[in-house]
Every structure is written in C-alpha cells, then in structure tokens.
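Chains as they are written, first to last, in the numbering used here: chain A, 1 to 313; chain B, 1001 to 1790.
Please note: incorrect hints may appear among the correct ones.
[To be verified] Cβ-to-Cβ under 10 Å is the rule here; a few derived chain A residues that face chain B:
id, residue
1, 52
2, 229
3, 236
4, 238
[Said to hold, decoys possible] Negatives, chain B to chain A, calculated, CB over 10 Å:
id, residue
5, 1132
6, 1468
7, 1620
8, 1650
9, 1725
10, 1769
Hints in this document: simulated from the structure, not taken from any laboratory. Quick reminder that beta carbons are idealized off the backbone N, C-alpha and C, glycines included.
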Amino acid sequence: MPPEDRKHWGTVFNGIKQTFLRGYEEWRAFSEEFEINAQLMDDTVDVTLPVDPARLGTVHPVSQVMDELAEIFADLGFAVATGPEIEDDWHNFTALNIPESHPARAMHDTFYFPEALAKEGRRFLLRTHTSPVQIRTMMSEQPPIRIIAPGRVYRSDSDATHTPMFHQLEGLVIDRNIHMGHLKWTLETFIKAFFEVDDVTLRFRPSYFPFTEPSAEVDVGCSWEGGTLKIGGEASWLEILGSGMVHPRVIAACGLDPAEWQGFAFGAGIDRLAMLKYGMTDLRAFFDGDVRWLKHYGFSPFAVPTLSGGVGA
Amino acid sequence: MKFTLSWLKDHLDTAASLDEIVLGLTRVGLEVEGVDNPADRLAPFRVAKILEAAPHPQADKLQILKVDTGAGEPVQVVCGAPNARAGLYGVFAAPGTHVPGIDVTLKVAAIRGVESRGMMCSERELELSDAHTGIIDLPGQPAVGTPFAEVLGLDDPVIDVAVTPNRQDCMGVRGIARDLAALGLGTLKPGTVEAIEGGFDCPVEILTDDTEGCPAFFGRVVRGVKNGVSPAWLQQRLTAIGLRPISALVDITNFINFDRGRPLHVYDLAKLEGGLVARRAREGESVAALNGKTYALTPEMTVIADAREVHDIAGIMGGEHSGVETETTDILIECAYFDPQRIGRTGRALGLTSDARTRFERGVDPAFLEGGLQLATRMVLDLCGGAPSREVRAGQPPEVAPKVDYTPSLTQRLTGVTVDPGKQAEILAALGFAVETGDTWRITAPSWRRDIDGAADIVEEVVRISGFDAIPSTPLPRAEGVAKPTATPAQLTERTLRRAAAARGLDEAVTWSFIAPKDADSFGGGAFTLENPISADLAVMRPSLLPGLVAAARRNSDRGAATIRLFELGRRYLETGERLTLGVVFAGARQEKDWRDGAAKGFDVFDVKAEVLALLAAAGAPVDRAQTFAGASPWYHPGRSARLGLGPKAILAEFGELHPRLVRDFDLSGRVAVAEIFFDAIPAPRGKRTRPFYAPPALQAVTRDFAFVADKALAADTLLRAVQKAEPKRIAAVRLFDLFEGAGIEPGMRSLAIRVTLQPDERSFTEEEISVIAGKIVASARTVGAELRE
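Extracted from the complex, chain A is given alone in its bound form (with noise of 0.2 Å):
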C-alpha cells in the first residue's frame, strides 16, 4: 500500500478503533453506575435512628467557682495555698488571736476530735475557716505574700442556709505598706471579674474579727429583678465578704514584726458565690450528687476558665 494511502487507512481505522473503545468504556461505565445504583437501591436505612447519645460528664460548680476565683487571682500576682482539714487549737484558733476563752470560739460551732488525739497541748479539731492557712502561709513563707486558698471548712450547723461542712475562700496579702484601700481595690477588682460587671458598688462596714483590726464586712450593691440577682447599682445590698488588715498579733504569732510587715485578709463563702453567680438556690443540693441536678448546674469539662475566655461558663 502506498505510503500516502497507509496514513489514509490508518487515520480510518484508527478512528474506528477509538470510537469502539469509547462505546465500551461509556458502556462500562454506565453498566458500573447501572449496578450500584441497583445495590443503593436496597441499602437504604432510616437515618433518624438515634445514635449512642454524646456521653460528656460536668464539673461540680465549687470546683468550676474555684477555678474561677484561681484564674481571676493569678492576674494579680496571687498563689494558691492549702492546708489540712484536720486542723489544732492553735492554728484555727489561738494563732489568730481567738484565745481559749473567747466567746468567738464558741461562736463557732466547732467540730471537735477527742482530746486523747491532742499532740503537745493542742486539741483537733475540723477546721471552722480557712484562716489557719493564713498562718501556716505566713510561718512558712517569707514575705511579700499573696495567696488564696480555697478548700472545705466544717461548722457544727445545719439548716436550709448552712451544712455542716461548706467552702471558704481565704485570701491574704502581706508586704510593707499595704493598706485598707487596697483591700478594697482587690475585692472590686475581684467582684466585677467574678460577676463579669463593669460597675460594682461595695459597701465597707465596721466589723469585728479577732484576727482582723480594723475589720470590715463587705456588701455588695445590688438589685432584684423579677427575682433575678443583678450586680451593680445600690438599690439592695448582699452581704459577701469578711475582711479586715491583718492583727498584728497574728503577724507576730507567725514570727513576723508587724513593725514592718502589714497587710489584708479577707474570706468568702464559695458556695454562696457559686449561688449568686449561677442561680441555686438550695446549699444541700451541692452535696448530694443528685446526678440530675449536677447535670443541670455542673458545667462542661471544656468551660475552662481563662483570661481570655471569660471567668463565667
């Protein structure tokens, strides 16, 4: 065949080749399609089944409020402290200028140990505030100090309002010339990231508290609407916080001269603040892990508080 007409039928067939491999392959592919279109139709299921529901746990809110308050006291260069439940005299009583005479003592309806257990004079006991953390702080660590230490406290008492055991929150700031007013700084600052206001009204009182002198409760303004707590503004007050510049005889019990060391305490329930910020209303609720109340007020692992993130889940 000549060169020329070998390129013509070559062309040809080759045409025709191409268009027989096209045919099969759109035909394969049709037949393909054809069978799982076939198979789709009896693999069908009812997608409104329901599934394993997600299984997420909650954080109790004290620990959620405690995370809170660390995150909240870490921006103003304050550390966490602890110390043991399991309390003596001294620590939680006579170390914070509450002799053994003082009616304050009583006053605080105190869990007792039986005094075979007292070591070297001093009797056990469940501690009645986390103020003893403020002298085992003071008599371990050299000043300038800034904790909290939040943790269970115990008080022999129990009704709709109180539980035999409940949280405190502790917080103590020793240092040269550390005065009332900044006190009174840390607490607003403190409550309006803790209730996440920008105005907050604190009302400072005359009090007493042996460890404290002078000594002030605290109010912080407040209104109700339609049974809603609403920080800010001074139409109600609500009592939060105790508080008062350290005694000197506390600085000296420690080992500390108050001569040149002074500084503030201050205390607040946690529970309470856990009420106020998140709406229960019932303290014994907190302890009776009612898995559909720690279901409704607990919070997700992942409400992490954070500067950032915002201190209310």
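Given the structure of chain A, go ahead and fit chain B onto it with the hints provided.
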C-alpha cells in the same frame, strides 16, 4: 440586740430621722438586721366610741351598736362582745381592713339580717395578746379617730442590731447612743445616776469567797416593797423587744440589762437563809433555775449561795427558790462582776444561755457596779416603794482601762484614709477615750471598752466614726508584664484529672468528708472520729471516697437513674495525713438496651480499669510502665479487682468491682464498679521544654500473629511483657486480640492470640530476620509457661 427609737432617745438627744439613724448604726459597725414598727401593722385600726348599744332582734348575744369612728356619720356595727356598751372607747376596723388575729378581710355584711359596717376588735384579733373575753376597752377618753397604735404607745419603731462580740458596751441602749453621738447624730444625754443613801445597815452579809470568779459583789436590801405589775411604759419597752413583762421587780432588772448592758439579780430576802456569798459550787450541788430546769454544778462554776443552798448560777441564771413573787416584800439586789472566761466556760458546760450570760461573758463595764446598783434602787423605790439599806461592797471590780500608745499617722498607714489629728482626738473623746496628745499619743480607753488592746484598735475607732466610705480604692502594685503562672504541679494535675473525668462522661459529686462509722469500718476503718458529730451518720472522717460515692449512687438509683457514673476529687483522712484522691463509681447500666446492641450491659472491672488508665494517662502518669497486680482492698470483689502501680510499693490506683456483700449493704444491685486514683503518688514529670529529636520511621511496620496456650493462671500481662521483652528494640507493640478456652484446648488451659508489630529502622526485615525474632518471641513466652499453639 433590740431597742426602740424612743428608748434610744432616752439617751440620745437627736433630731435625726429613723432612716438617718439606721444608716448611722450600720456605718459605725452596728449592723441593722431589721426595723419594724408595730404601728404600721395597726395603721387601719382607730379609736372609736360606742354611742348606742341596742339588742339585736334576732339574737340574744348580739348587740347593734352605733359607733362614732371620727369619720363622718356614726356607723352601725353588729357586735357579740359581752362588754360592748354605750360610752365605751374601743378600737374600730372599717370594711376592707385585714384583721390579723382572725385572718379575715372585713366586708359589709348582714349578720342575722342586720347590716354591720365594720368591727370592734379584741386584743387577740389584733394579735396583741390572747385576751378575747371582750372588745378592747380603752381607759380615759382618747380622741376618736386617733390611730390606736398611738394611744397604745406602740408607734415606736423597733430596731434590731447585730452587736459584734467585742462591743459589750453596745449590749445596752446607752452604748449605742454613745456611738451615734460620736458620729454626730445627736448629743449623748448625761445619764447620771444619783446615789441613794440607805437608811439602815444591810441586815444580811454579802461576801465573795471566789475573788477570781466574782471579784466584786455589791448589794443592798430594800424593805417593804410592793411587787405589782410594772407601769405601761416599762411593759411596752420590754414587750417591744420581745421580753414578757413579769412583775415590776423582774422587769426592772430586765430593763437595766438592756438599757445599760448591766445584768442584776433580785432575791426574795424572806426565802434566804442568812446572807449571800459568791463561791465555787461544791461537788454534787445542783440548782433549780428560773427556766424550770435543774442543773448539776461543778467546783469550776461560781455560784451565789446562802447558808443552805445555791440560789444563782452566777451571772447566768437565778434560782427558782429565791425568785421574787407578788407577795415579796423584802428584797436583796445583787450587782456583781463575774469573770468573763469563767462565765463562758460555765455557760458552755451547762449548755445554758441567757441575756445575763451574753453580757457577762463579753465583759460588763467594771466601773458601773455602783451605778447599776443605784439605778436599780432608784427604780425599785419609784415603782415598788420601800426603804433601802446601806450598800455592801464586797471585793473590788478589776481595773480595766486599757492604755495604748498611738501615733495619728498610723490611721493613714493602715487604712489609707487621712484624718486630721484634731478630728481624731475629737472622735476618741466622744467615744469616752482619754487622749494625751504629743509626739506619741497616750490613750486611755474607757472602762467599758475592754476590747481595746493596741494601736490598731484606735485606728478602727477613728475610721469607723470618720467613715469607711473614705477608704481610697488603691491598686495593688502589679508585677511587670503578663501575670506569672501560680499553680503548683499538684494543682495542675488535679485540674487536669477533674476535666478529663468529666470529658469522659463522669459527673463530679461533692460528698461529705465525714461518714457513718459502719461505712468507715467497711472501707478500712477511720482514723479520726468526731467527738461531737452533727449526727451519728456523719461522725468519722472518711478513709475512702467510695462510701460517699456509692451512697450517692444508691440515692440516684432510688430516683430511677439508669446509668450512674460519678467521680469525686477530695481528701481521704488517714493516720498518715490527708491525701488527695479521685474516686469513681459506676453503677446501673453501662449501656442501656439498644436497637443496635441489644440487651442492656452492666459495668464490670474492665470498665473501671479502662477509666483508671485513661485518667492516669491524662494526668501524665507513665501508664506504659504501670503494672496490674491482682487483688485489692477487702471492700473489693476479691477475684475482680486489682491495684495498678509502677511497682508493688508505688501504687497509683485501686479498681475493681465492689464486694457483693457491700453492694447488698448499700441496697444496690448488679455489679458496681469502683476505683480510687491516688494521684498524689504520680511521679512528677521530669519535663524539659524541648523534646528529644524524633522523625517518624520511613519504613512501614510489619505484623505477625502468634497463638499461645498457657495455664489459665498465667496472667495475660505476664505473657505480653515476656513477648515485648523478646526483642525490645524492634517490637513496637504487642496486642492481645483473642482469648479462647474450650474445644481443642486442654481443661485448665487457654489460648491467647497476640499480634506483634515489628518496626524496621534503616532497611526492611528479611524473612530470616523475622524468623529469628519470632523464635525469640516463642522462647521468651516459654519462659513464663506459654507454648506456641500448633
């Protein structure tokens, strides 16, 4: 501490309004807990006069009254009171008024066919007393239409303040008035007490033998008194603050107690055998107190006794036998000083509180014994008549007038508030302090302020009067830059564990630190038992978190919860200390009946094992090095529990199923899986910020499966470790994927199928190399008693 506004004005000359006073009280540290004006409740009730009283035509016991209410025409009222009569001045309630004593809002109504437009009230209907024999019959001719409360002298707000334990002086109205005067809300009235000369020597002896418990015992006799009811003003004062008027003599002592914070006691002289002595009680003595109870006394307690018996638990409560009565004619007035500490101890030992104890325990003014006695004498003479003897003063009250060195600049140093020294001196003087100014001020506190014990107290006095409002909000000095982290490694571990557990579906509970003794005994025994638990079920400090959690699981189960996954993060209280622990309880259904998986499944030991490993891993524990040791504490199921540790001594956790006996004791059913993680035992990570170099291997791993037969007693873990150890550098993972016993396997034996992952490093394994490794694996397994299955 309650008082009324008019009572306050006995001591304070003031034009201040009630609101100003209430605000002032709170400002100086006397927190107002409530203000209540009974007149507000009684506002609708007004004085009315019955003009006519005619019999009711339909009822014998009813009358038809024409009543002048002071507002317009007389109104017609049907009344059933036997004492209703023309000319009577009584108390009228118009239709629309709510009558508290019968809880009815009045309407115009026809009573037996006669219209009645209101009501004449009895005392009970107004909740003034229980009297209901007739309507109120007012004495004299009060102006018709006047609010009844005004006539009654009840238009007097009652103020309730919380007095802090350091302020004994404010346990009397006068002390409160002094604080308000210092604040500038008026002038303190002189309040001087005149001395009354006695006409004869005290006929009986008054002594103190216990000069420590009772350093001073002043007293005198008054003869020929008449102990009737006290006058209306006195009764009103006492009633207003919640005290029941008893008789003039008793009311006088109660009045002075609240007016001056000065407790007194009055004895019926006729009932005493000889004089009175303050002494310690003798072993075996007891006294029947005025509250009707008998108290056994100990030699630690100071008492007042005559020659025969104890008549008074000194400073706390008088005795029944020598109390004054209506027939009493001769009395002995006691005004003593008792040691506050001993009063406190005695009161606590007897579990007895009283208004007197509250004051003596805080420390009454030691300079007001004479004053108290004279004031009492004056009131007795005024209200009951009689002739007083000369006073007897046994012992000496302690000299309490604390002296303090003070520099005025200290106020600024401690509070940030600048108060002019002149103003400071003025405040202190108004509060009764004597001030000698100079470079350092020498300040003498008044006798009634035994709480003052240092310069810081003076600062508080100055600032609470000048005003806490002036404290300037001052930022704490802030360290430069971003706030430094403050959490300790232990605190971080705790936070991580908590959120890891919650993220894995567990709910965090907080349960009591104290548990029932029987539960403590079941879980290892408590090391600390409370002497005074609030209830027997909350008596022992928990040695384990599990009893509290299991009890919570039971409560949830009782409430119908199908699945319970709880954890708690708290302390166990052991002989060796308080150890932070995480407790877990799984109860109910692990999985409920399900359309995909069929029947419900319960929890078992492997669920908690998985939980424990996951949580430990989250907490940064080296779980790949941890070993499982069969068996755990006795409260676990002996065959379905284990300890997990880095060695037999370094236990990180205990887990398993709760002992069936305890499942029964806790009223639960099925398998209850529990665990405790002792996370304070997790070794601290030796963390460096920079990680060691690592690049993922380029070559793919290969796997080989082996089936071994071994005695059932051989722990799977032992075999897995033996396999791993055969070629530790090359074996990247060892996994048990099948477990079989039965057909084809000798009884007592089981088959364990294991997949081994081998990781080549620089070049791929040859078949020979793999055979060599396989040989080593089989040999290593043989050392623990496992044979390759043929």
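The hints, checked one at a time:
Proximity of residue 52 of chain A to chain B holds as hinted, the smallest CB-CB distance being about 8 Å (cut-off 10 Å). Here the hint on residue 229 of chain A is broken, as its CB sits about 20 Å from the closest CB of chain B, past 10 Å. At about 13 Å, the closest approach between the beta carbon of residue 236 of chain A and any beta carbon in chain B exceeds 10 Å, and the interface hint on this residue is violated. With 10 Å as the threshold, the beta carbon of residue 238 of chain A stays out of range of chain B, its nearest partner Cβ sitting at about 13 Å, so the hint is violated.
Separation of residue 1132 of chain B from chain A is adequate, the least Cβ-Cβ distance of about 34 Å exceeding the 10 Å criterion. At roughly 4 Å from the closest C-beta of chain A, the C-beta of residue 1468 of chain B falls inside 10 Å, breaking its exclusion from the interface. For residue 1620 of chain B, the requirement that its beta carbon stay farther than 10 Å from each beta carbon of chain A is met, with the minimum near 17 Å. Under the 10 Å C-beta cut-off, the non-interface status given to residue 1650 of chain B relative to chain A holds; the minimum distance is some 23 Å.
Chain A leaves residue 1725 of chain B outside its interface by the beta-carbon criterion, the shortest separation being 37 Å against a cut-off of 10 Å. Residue 1769 of chain B, annotated as away from the interface, keeps every beta carbon of chain A farther than 10 Å; the closest lies near 43 Å.
Consistency note: the structure conflicts with the earlier hints numbered 2, 3, 4, 6.
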